[in-house]
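Protein chains in written order, with the working numbering: chain E, 1 to 365; chain L, 1 to 313; chain R, 1 to 268.
In case anyone wonders, no lab produced these hints; they're calculated from the structure. Remember, predicted model here, so these are calculated numbers, not experimental data. One or more hints might be untrue.
Stated by the list, open to error - If you want the ones that stay clear, here's a sample from chain E, every Cβ over 12 Å from chain L, calculated:
1) Leu103
2) Leu122
3) Thr152
4) Glu166
5) Gln184
6) Tyr248
Claimed, not checked - With the Cβ distance kept under 7 Å, some of the chain E side facing chain R (calculated, not the full set):
7) Val251
8) Gly308
9) Gly363
Just so it is clear, CB atoms sit at the ideal spot from N, CA and C, and this is done for glycine as well.
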Amino acid sequence: MTDERVKQVSKLRRAMIRPELGAICGTILVFALFLMIAGDSGMFAPEGIRNWTIVSAQFAIIAVGACLLMIAGEFDLSVGSMIGFAGIVIAILSVQWGWPVWLAIMVAFAVCIALGALNGFLVVKTGLPSFIVTLAFLYILRGMTIWLSILTTRKTIIGGVKDVAEGDWLAPVFGGTILKGLFQWFADIGLIDTFIRGTREGQPVVSGIPMLIIWALVLIIFGHWLLTKTKFGNWIFATGGDSQAARYVGVPVNRVKILMFMFTAFCACVFATAQVMEFGSAAADRGLLKEFEAIICVVIGGALLTGGYGSVIGAALGALVFGVVQQGLFFSGAESSLFRVFLGTILIMAVILNTYIRRMITGER
Amino acid sequence: MKKTLTALAAAVIAVGLIASPAVAEGERYVLISHAPDSDSWWNTIKNAIKLAGEQMDVTVEYRNPPTGDLADMARIVEQASATNPDGIIVSIADFDVLSGPIGSAVDKGIPVITINSGTQEQSLALGALMHVGQPEYDAGHGAGLKAKAAGASSFLCVNHYITNPASVERCQGFADALGVDLGSQMIDSGQDPSEIQNKVQAFLSANPDTGAVLTLGPTSAHPTLRALEEMGLSGEMFFGTFDLSSEIADGIKAGVIAFAIDQQPFLQGYLPVVILTNLTRYGVVPGNSINSGPGFVTKSNLALVEKYAGVYR
Amino acid sequence: MSTPIVDMRDVETIVDMRNIEKHFGPVIALAGVSFDVRAGECHCLLGDNGAGKSTFIKTMAGVHKPTSGEILFEGKTMSFDSPRDAMEAGVATVYQDLAMIPLMSVTRNFWMGREPEKKFGPFKVMDFKKANSVTMEEMKKMGINLREPDQAVGTLSGGERQTVAIARAVYFGAKVLILDEPTSALGVRQTSNVLATIDRVRKTGIGVVFITHNVRHAMAVGDRFTVLDRGKTLGTAKRGEITAEELQEMMAGGQELAKLEGSLGGTV
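Next up, chain E with everything else stripped away, as it sits in the complex:
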């Protein structure tokens, strides 16, 4: 007895109406816009492309974590502070205390995941909003980062990581570049410009694909697969959609939430490690405000702030939009302060569009 008032929906429309639709529209729009106004500024030359794909990849890494957590119904505002903290931990352990870099990296990951578990545990046990618990950690971790770095080195930037990372096996997994041979070939056949002086004369200006981008792709694929194809992914949706209902049918809601906090922390540590390896230093102010930027990517991607609905692909596209806009404004010659105006506008437009799409999918009144 299908209700005759429900229209038969065409197959094409059904394929199009998906949570990521808003983010897809946004991406196409943004690329079209920047192709128009910055097409010849070098933005779409190899160097320029590397520039905004790296920034987008950085956002994507933390957006995947934030997305899964938001779908599970919680926020993590301490991500930015965790980035700074992890970086300083790696730098202090490897540069100050002389530990091998691979060990320093592993310790940083262990510490971050433990902090994530702590966040999750507190949220679950006290029933306090995660907004508050992680806000507290935002301050605690940032303060500890500044204090620890001044305590051990009297400075707030700790450099010298590039030197100690020489020969380390784990460092290039985060900070290295792959497909170098392919890009050298591109340079030889003239597709990419080369350096004209110095020790790198003759080498392509873009030497390869940075590992950061590989990490982003791996995390995006993993997050998407976990969320949409597995049992655990169904539990994530259920936990955010109605945790009471989920508990009732036996979904281990607490375990899901804690694991998602740990995953977010893991993503933050990947970001931090890649950044430290790339710049050869850690600083106490790294990662400032990144948690909000991650949330913006996730919201542009179609997720519902109250949980239970969202898409990892959407969040990844949101990160792409964010990166292209942030870097593209520079290439187009616009005032850099316009970036914030632009971002706010895109955010509102994205939310309006996504709300409309969500209502079509879920039948909300």
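Following the hints, put chains L and R in place on chain E, whose structure we already have.
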């Protein structure tokens, strides 16, 4: 809904078109600083490059990381490099972080002049043409010597941008000149004026026999002036500051501030533009670095400074 | 009205609650309630708001532990430590707020917590083929033809959502199905659909406990009727032994309703 979407898309495109400025026919240079949007000190340099651009008939763009995050700054340097400008002017806020991007720009054949933060040695190591700035440690040291001559043996250093290592250099130079170990006398004051004022008052209450105070710029100097006034200590201790502003000028006239160390940022903006333009057009470039400061501004040489405080001085 | 007499020995009793008392501190919510459910019957639990119906079925479903009294499940004494225990024993509850998540699809809701998996290399993924086909099949049995299994529960009407919840409970092997006020928020047509579903379910041998304060709905499907008032059972009647008016009077405690009836002219 479709209409709304089309309208919104049109609006976005319109904003984009309005936002992109007309590109000048002449050469294009990019100046990249490390300062967050909230740091007003760089207004002088912004005005200086505008003046130089007009006089030399070139375009000079000013870029900075909005939050002062040096990682963002490195990205901006990479971007600037990717657009193949005629020259880049950049501050060496952190050698490790920026050596990659600046090195790449140099290796691509883009002329680079470093300014402000960083030392001449670092500038040379990066392959830049020269450094236009003020050696931080030496400036702090010079200030410390003046404080010692006035009889001070203890001090407070109000650091409002502690994440930049150059700031610590200034306090370190000051401490060494006084012959004191740098410890808790350097406070991380943050950037918020009321916070800074409160922290200064707290320190001075806890350490009533502080003999000298050094602030690192208008951001930390103005709240410190207010703090001293509230505590009735104006003029009681040796007060030196870096940089200038109209409030600092008033402080000098009133005898509260002994001197302001002027690194003459005007030169840090103006000179590189002129030098790079002449390099692009005629192939000439001076053979060494230029020290834009320190200039000590006191009551006796204040007049011209006052006239242009906050604009060119 | 007399307490239930065990005289229908050809029908097995699934759950037997004897003299259940529940105290919350000084408040006595249940003061000795006896209730049993047999296979294939629909036993209606009636009572006005505040009579203790909610507390009682929560005790049956394992949410509360009785302060005193016995629970027998299939003849054996049972003590449920959590709703999970009760569910595993075969006591399924469909609460008023449904435990359906509107943002998720019917399939995902149906299989929540018990998702079927299949191997994909070294990994386990959800077996959507099986999940979808079973869901469509079970819904069809209940009389709902879904457009597609991906349909979000939010696109279904209230009555259809109830039906999904009931179908889920039945599919996963419920022996006793407790329905907490399923029709209270529904319109006429949807109510009749739900009542038809209850009838269907009962015929498969499951015992249904139908909680409601609407006598007419109860009379439409019930085999037995028990009235609860202020924490005590007032009595149990079989179908045919009692009229709607008598039931209504028992629920309301008699006097006030009579006065109200008078002024409303028998329309209540």
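Hints, one by one, checked against the model:
{"no.": "1", "hint": "Leu103", "in the structure": "21 Å, holds"}
{"no.": "2", "hint": "Leu122", "in the structure": "28 Å, holds"}
{"no.": "3", "hint": "Thr152", "in the structure": "14 Å, holds"}
{"no.": "4", "hint": "Glu166", "in the structure": "14 Å, holds"}
{"no.": "5", "hint": "Gln184", "in the structure": "15 Å, holds"}
{"no.": "6", "hint": "Tyr248", "in the structure": "37 Å, holds"}
{"no.": "7", "hint": "Val251", "in the structure": "5 Å, holds"}
{"no.": "8", "hint": "Gly308", "in the structure": "5 Å, holds"}
{"no.": "9", "hint": "Gly363", "in the structure": "3 Å, holds"}
Checked against the numbered hints above, the structure violates none of them.
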